[in-house]
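Going down the list, the sequences are from chains A and B. Read in order, the letters of the first sequence correspond to residues 1 to 296 in my numbering. Read in order, the letters of the second sequence correspond to residues 1 to 201 in my numbering.
Hints were generated in silico from the structure; no laboratory data involved. C-beta: ideal position from N, C-alpha, C; glycine also. One or more hints might be untrue.
Which bits of chain A does chain B cover? Going by a derived footprint, with three or more residues having C-beta under 8 Å, they are [claimed, not checked]: (1) 33-45; (2) 53-63; (3) 247-258.
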Amino acid sequence: MKRRIKLISVVLALALAVVSFSGCGKDTIVIGSKDFGESVVLGEMFAQLIEKNTEIKVTRKLNMGGTFVCFEAIKNGDIDIYPEYTGTGLTAQLKMDVVGDPDEAYRIVAEEFDKQFEITWLQPLGFNNTYTLAVTSDVYEQYGVETYSDLVKISENLVFGAEHEFFDRQDGYDGLVAFYGMKFKGEPKKMNTALKYQAIGNGDMDVTDAFATDGPIKQYNLKVLEDDKGFFPPYYAAPIIRNETLEEHPELSGLLNQLSGLLDDEAMTELNYLVDVEGKSVEETARDFLTEQGLI
Amino acid sequence: MTNLMPLILEHLMIVLIAAFIAVFIGVSLGILSYWVRYLDKAILWTAEIIQTIPNLALLAMLMIIFGLGNVTIIAGLVLYALLPIIRNTYIGLESVPSHLKDAARGMGMSRLQRLMKVEMPLSFPLVFSGIKLAVVNSLSIAVMGVLIGAGGLGYPIYRGIQTGSVERILTGAIPVVLMALILDYLMSKVEKRLVHKGTRG
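Produce the complete structure using the sequences and hints provided.
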């Protein structure tokens, strides 16, 4: 019996050691991402860029449960870097009003994050992954809608559905329908991000929110409408990094800023399509892109 | 998939560490609720309430305390595993026939002696089935770990869901199912041997 207890405690101690040491160490930085393809690809890109060009070890915490988890984690120092969007920083994190001008939005989040959270916004990557609305090709053919204002007139015939986060945000469902005066049929459907496109593909709903650079828009033949009155703020993506990490590794800023402007809407949509629709692995997609750009 | 093995091992490690901690805490609380009568309802209710908190909500709250990563998912698994272990320990101890308890008392055994020599061995099958249930459950809950930055098989499964790739989902899910079957089998074996030894001795 004694021997067994001893054995068990040794095994337990070893196991604890393994689990707790994976990810510690002085010269390790942790890169996070949210739980959708684009964010995971960007996180992987940051990771490879750092691994290939510096001595720093990188731990990946990709695909974490949304904005809340990533933001809490970076504030607590559990992660050092993750890709964030200016519009999200402004409305979800700073709880400020929507700002339409992209440069102004970036200036505000950069200043406020530094002041309030000691987090630095590096240079924007280039694309504007704004929220938008998409309808099925059936709806488009039947009604010929082009803009959000067109949608208002027929909204009572259409079912709206989106991921849970869209209903909790200031720049989300409530704000949108109030701003445009839309009135959709019945209660809106709420679901997991990943299942959204499947649901609209199955015909369970007619209108959904989408990110402008989403890969599946092409796959499901959806029509993206124009935000003609400008409700959604700009969502330029940029790496954000803890000031503390940046002080320890000042070279990271120059390194990650090399990505600045390289990813326009088209380039990002293409990468998302490769990952989300064609099923190419995230590692390979990130590596191919960085190699093509001569960064690794 | 060449890099699946480390994920499987990490997944298993997370579940086993959580199981050890949960057994220690759960059995202790089970004994406590058996010994201290007015605590039993409070302890069991608390465990039941914890069980009803949705997984992601519990993990998000734990993340604020424990930070990101494996420690948080282990804490979550421990909390979810407590109910079956506490309840089975408690019911097991309660259901030891009273004439046996009386006999042990009549022989002049102390409370601790009665517990270790009579009551625990007799309630062992129930306690063990509670542990088995907890471990098998933990294997599937641990998949959610990826959402709070822990390792394990959650990554391929969630990426599979996001890309609509059944193949990727299965890449992560099949090892989870296999581990559940294997652990269940191994634990049943251990259970038989221990029970056998218990009744013989």
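Q: Taking the numbered hints from earlier one at a time, note which ones the structure violates and give those numbers from smallest to largest.
A: Hint 3 is the one this structure does not satisfy, whereas the remaining hints hold.
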